[in-house]
Amino acid sequence: MTLFWLITVLFVGGLLAWLAERWQAAAPRWVALAALALAAGLAILLLSGADAMTAWPASPAGGAWLSELEWPWIPRFGISFHLALDGISLLLIALTVFLGFMAVACSWTEITQRSGFFHFNLLWTLAGVLGVFLAMDLFLFFFFWEVMLIPMYFLISIWGHEKRAYAAMKFFLFTQISGLLMLLSILALAFIHRQSTGVYTFDYFTLLGSRLDPGTADWLMLGFLAAFLVKLPSVPFHTWLPDAHTQAPTGGSVILAGILLKTGAYGLIRFVVPLFPDAAHRFTPVAMTLGVLSILYGAKLAFAQSDLKRLIAYSSVSHMGFVLLGVFAWNALALQGAVMTMLAHGVSSAALFMVAGALQERLHTREMGRLGGLWPKIPRIAVVALFFFIATLGMPGLGNFIGEFLVLLGAFKVSVAMTSLAALGLIAAPIYALIAIQRTFYGSARATRPIADFGVREMAMMAFMIAAMVWMGIYPQSMLEVASPAVEKLNRTAAVGAMLP
Amino acid sequence: MTADALIALLPIMVVAGAAIVVMLAIAVRRNYRLTVILTLLGLVTALATLPLAAERAPLAATELMRIDRYALFFIGLVLATGVAVTLLCYDYFAKREEQKEEIYILLLTTLLGGAVLAASSHFASFFLGLETLSVSLFAMIAYPIKERLPLEAGIKYMTLSGAASAFLLFGMALIYAEVGVLSFAELGRLSATADFQPSVLIGIVMIIVGLGFKLSLVPFHLWTPDVYQGAPAPVTALLSTVSKSAIFALLLRYFVVSGSYSYESLSAVLTFIAVASILVGNLLALLQDNVKRILAYSSIAHLGYVVVALITGRVLGSAFAVEAVAFYLVAYVVSTLGAFGVVAVLSVGGDEAETLAAYQGLFWRNPGLASIFTASLLSLAGIPLTVGFVGKFYVFSSGVNADLWLLVWTVVIGSGVGLYYYLRIVLAMMKSADGVATAAVPAAPAPLVGCLTLTVLVALLLWLGVYPGAFMEMLQSLSKTLS
Amino acid sequence: MAQTTALWPLIIYFAAVLVVVGVMLGLPNLLGQRSRGKATVEPFESGIVPVGDTKIRFSVQFYLIAIFFVIFDLEAVYLFAWAVAFRESGWAGFIEIVVFIFVLIAALAYLWLIGALDWRTRRQRRVESKINN
Chain G
1 MTLFWLITVL FVGGLLAWLA ERWQAAAPRW VALAALALAA GLAILLLSGA DAMTAWPASP
61 AGGAWLSELE WPWIPRFGIS FHLALDGISL LLIALTVFLG FMAVACSWTE ITQRSGFFHF
121 NLLWTLAGVL GVFLAMDLFL FFFFWEVMLI PMYFLISIWG HEKRAYAAMK FFLFTQISGL
181 LMLLSILALA FIHRQSTGVY TFDYFTLLGS RLDPGTADWL MLGFLAAFLV KLPSVPFHTW
241 LPDAHTQAPT GGSVILAGIL LKTGAYGLIR FVVPLFPDAA HRFTPVAMTL GVLSILYGAK
301 LAFAQSDLKR LIAYSSVSHM GFVLLGVFAW NALALQGAVM TMLAHGVSSA ALFMVAGALQ
361 ERLHTREMGR LGGLWPKIPR IAVVALFFFI ATLGMPGLGN FIGEFLVLLG AFKVSVAMTS
421 LAALGLIAAP IYALIAIQRT FYGSARATRP IADFGVREMA MMAFMIAAMV WMGIYPQSML
481 EVASPAVEKL NRTAAVGAML P
Chain W
1001 MTADALIALL PIMVVAGAAI VVMLAIAVRR NYRLTVILTL LGLVTALATL PLAAERAPLA
1061 ATELMRIDRY ALFFIGLVLA TGVAVTLLCY DYFAKREEQK EEIYILLLTT LLGGAVLAAS
1121 SHFASFFLGL ETLSVSLFAM IAYPIKERLP LEAGIKYMTL SGAASAFLLF GMALIYAEVG
1181 VLSFAELGRL SATADFQPSV LIGIVMIIVG LGFKLSLVPF HLWTPDVYQG APAPVTALLS
1241 TVSKSAIFAL LLRYFVVSGS YSYESLSAVL TFIAVASILV GNLLALLQDN VKRILAYSSI
1301 AHLGYVVVAL ITGRVLGSAF AVEAVAFYLV AYVVSTLGAF GVVAVLSVGG DEAETLAAYQ
1361 GLFWRNPGLA SIFTASLLSL AGIPLTVGFV GKFYVFSSGV NADLWLLVWT VVIGSGVGLY
1421 YYLRIVLAMM KSADGVATAA VPAAPAPLVG CLTLTVLVAL LLWLGVYPGA FMEMLQSLSK
1481 TLS
Chain P
2001 MAQTTALWPL IIYFAAVLVV VGVMLGLPNL LGQRSRGKAT VEPFESGIVP VGDTKIRFSV
2061 QFYLIAIFFV IFDLEAVYLF AWAVAFRESG WAGFIEIVVF IFVLIAALAY LWLIGALDWR
2121 TRRQRRVESK INN
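Residue numbers (this note's numbering), protein chains in the order written: chain G, 1 to 501; chain W, 1001 to 1483; chain P, 2001 to 2133.
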């Protein structure tokens, strides 16, 4: 039930926030915070259960599952409202709720018009994302996958910047069409299962054991892969991302970069490899190549940007390349690294977008050519920006380093060549990160009028983000432990699958 | 004619009776509100007799009509659509036209035609129902007789519809000449035993051509955008829902009962029609700037999706095809009524609200209507939480299950393209209205009846989208009754 | 095949008709003499040059009458069909035809009451009602 309420709280909160606007203009913000606080409470409840980590015999997958909920939904097709939670989901849910708070907080002064509808969309996106992280029925998964798109589309197209209509449309078409391909694969998988067993089902655990002939498995996997690689995004499919990130309002960028990209990575970990282990193994060289390409090409493009938000957006492409590499290296180390990278990148990129948003709110530009020399004027913003750019370039002691290091360590066992190429990304990252800092905050000042520095609200937000980042860097073990039973479990499933003739 | 048969035919007879009562009432005293109330009363009574008829189903009420649960389901759909359209017409025509009461007689006869089609099991009732439906529609389309566009649309529809009927009759004649029977069931029995290849096949193709005109399938779609644009918005809603669903119900029954699935070359023809409809409908919709025309092209594409479900019946057996077609049609009818309903409600003040510019900033001027429109458009686009998604799900599953990948890919491409133009309308509504001359659309208070109707429709759209289980079970049990 | 042979006479007849009509229409054009005067194509009416246009605008009521004829007179055809089978169709047939006639009467009443049979223009009606009052 906790899982159900976790999602419902946000859906209902969204509706209430919309209605609350009629009552008072500032009310939606408080409603949104209250809904998120409730969700956070539920997440903590689940987190406290994580220590117990009791084995769970009822689940077909055994162990590793902390909580489950299954209600019949559309019995005609064997579709059920099936939610389940393991360590990976738990971490991602914690990240989602955490960044949800940040998104509301950083829109506090930016969104002045139609704030009711804004918070409605914000909360519904988050609810959709939580659903994605929890759904254990493929139909339900697809359902939530799509539910999170529409509100995000509205966030970009209504509150975005100059080219918002174009960016929103591009975002929506890319994700929706790739989503349809995934739907085809889901359907085909379910029907193949029905042909062999005579039962309609979309249940993840039941479908895990489906035997597929290699040709079919390849096609089905490609369908899933299309959706996840677009969302991740990996290199040939990344073109929607810079537009969407740049044009979205700050709160939207925070959610987009911090959470939505992670659903793609989560899909790879949860569905692609466990459902199609053989096909995934056959695809590994291509996937790893794509990962390395994303790392290097993303870094190069980030370096070439003059728009601060675009630079951060391309750096996301680069970082998510590590996740792709880690997932397809497919050993416990690399997987742990991928999960860690997801969390760390979620926090660091969100924080960077908040900084960029704050600058835009104050200076009405994102062009680095028109910034510069800001350090003496706004030292607090500058320090925070420096901190997160350093985190993003992989400074040991902060979260991103742990994730990327683990990924490289894991990938090294699989392919030395790929790993050494990917490691070049660690050299490219400092280049673009430091250039961004240099062009934005150092040099001669261009703006003459005084600029407001971070206030109490913004510093409080940033303090939380910095604390999270340092926590991940200093004591990653706390998170690795939560994730590890699930990772082990997934790893075993895939290994067993790959062993089959 | 037994008493049972009479009771089974009660829904149809009540509608026919209602048309006469309304006509007499107008003759005695011309009162707009009374006319609407009588119309609604007639439709609700007809709906209330459906359970009575269902107790006696399945039953052959004369050779012409077969009242089974399939027929009753579609009669119910047609009548319920009629109720919605009546309510939408109420505000729309209230301030137009001098003699506006007659539209309800025509509405009732249109519904009568649709109901007859849904139950017909014989070429004679097939043709009678179709003509009752079409002839009433000509008059409804051209009802605002003093305006140019409706008149043009009415004449266009009448001419092409006449041509289509000629094809239809020729097809029937060819089949009758070869087989010598007019009843679908007889035809099915005879074609199962004997081989009537060439002329029966040509006959069926001609029937498909005729029905293709009425269903606006490519390449017989040319009239659609003009007529949709020209007709008054509530009539467009009727044209795009009742006539499509009733005719498709008949087409499906004909296919299943007369054994037309056994002709292999027929599915090639239908595949071509489906692919062409989906692609042409979606691609041409991209070029439009008029909301009614966009919806017209989108309806072409949607009928293409339904044809996909129809084709798969050949591989999957008729039961699944019936279920998929029925669900998709319901989804299509609910969403389309919602979309055209918003157009109708916005057009109450005077001019038709049909340009994209008229919708600019609607989200901030009238959030309620804009949300309803958005929900309907997203449902047409097949986005989850709406009934349209479940409909798409049915089409996809039937296509995937039947291994018809060409069709499945076409549906994927069509849906992708479709998103673009649906979102264009949504985007226009999102744009801030500050810069636009809002004088173009007078901020008339939205009519109460229309808004209530739309609210109910959207509630249905979301309910069936989130919790379709019970409805699916019903369709599943119903689909087995048609054979 | 039997069908095709049976069709042959029909086809030949059809072709013959085409040929004869073609010859009848084509030959005069080739053989006949032509005259091209000013009044050649004018209609001949007792030696008087016609005046005005042949396109006269009938009152729209004429068309209405034509339509009413189609509705009511042609529906009478059904009555014949019923009358021929009067005994066979029995009471059920009788009730059905009564319903049918009732519908026709209802339609007639409707037309009468909305004034479709009234040939006066709207202005005439208004004037007349003033006189009567």
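Treat the hints as calculated values from the structure; they're not laboratory data. A couple of the hints might just be wrong.
As the list claims (entries may be wrong) - Residues of chain W clear of chain G, computed beta-carbon distances all greater than 10 angstroms:
1. T1002
2. K1095
3. F1272
4. L1452
5. K1480
Stated by the list, open to error - Pair by pair, the computed Cβ-Cβ distance ranges are:
6. W:N1290 <-> P:P2043: 17 to 25 angstroms
7. W:L1452 <-> G:V456: 45 to 53 angstroms
8. W:T1062 <-> G:P72: 38 to 46 angstroms
9. P:Q2124 <-> W:L1151: 51 to 59 angstroms
10. G:P72 <-> W:L1287: 40 to 48 angstroms
11. W:P1367 <-> G:E367: 52 to 60 angstroms
12. G:G198 <-> P:V2098: 54 to 62 angstroms
From the three backbone atoms N, C-alpha and C, an ideal C-beta is built for every residue, glycine too.
So, going through the hints one by one against the coordinates:
1. T1002: 36 angstroms, holds
2. K1095: W:K1095 clear of chain G: closest Cβ-Cβ about 31 angstroms, beyond 10 angstroms.
3. F1272: Given that every Cβ of chain G is farther than 10 angstroms from that of W:F1272, nearest at about 22 angstroms, it holds.
4. L1452: Check passes; 19 angstroms lies beyond 10 angstroms.
5. K1480: 13 angstroms, holds
6. W:N1290 <-> P:P2043: 17 to 25 angstroms: 50 angstroms, violated
7. W:L1452 <-> G:V456: 45 to 53 angstroms: 49 angstroms, holds
8. W:T1062 <-> G:P72: 38 to 46 angstroms: At roughly 43 angstroms between Cβ atoms, G:P72 and W:T1062 fall inside 38 to 46 angstroms, so the hint holds.
9. P:Q2124 <-> W:L1151: 51 to 59 angstroms: Given a distance of about 27 angstroms, which is not inside 51 to 59 angstroms, the answer is violated.
10. G:P72 <-> W:L1287: 40 to 48 angstroms: For W:L1287 against G:P72, whose Cβ atoms are near 45 angstroms apart, the range 40 to 48 angstroms holds.
11. W:P1367 <-> G:E367: 52 to 60 angstroms: 35 angstroms, violated
12. G:G198 <-> P:V2098: 54 to 62 angstroms: At 58 angstroms between Cβs, range holds.
Checked against the numbered hints listed earlier, the structure breaks hints 6, 9, 11; every other hint is satisfied.
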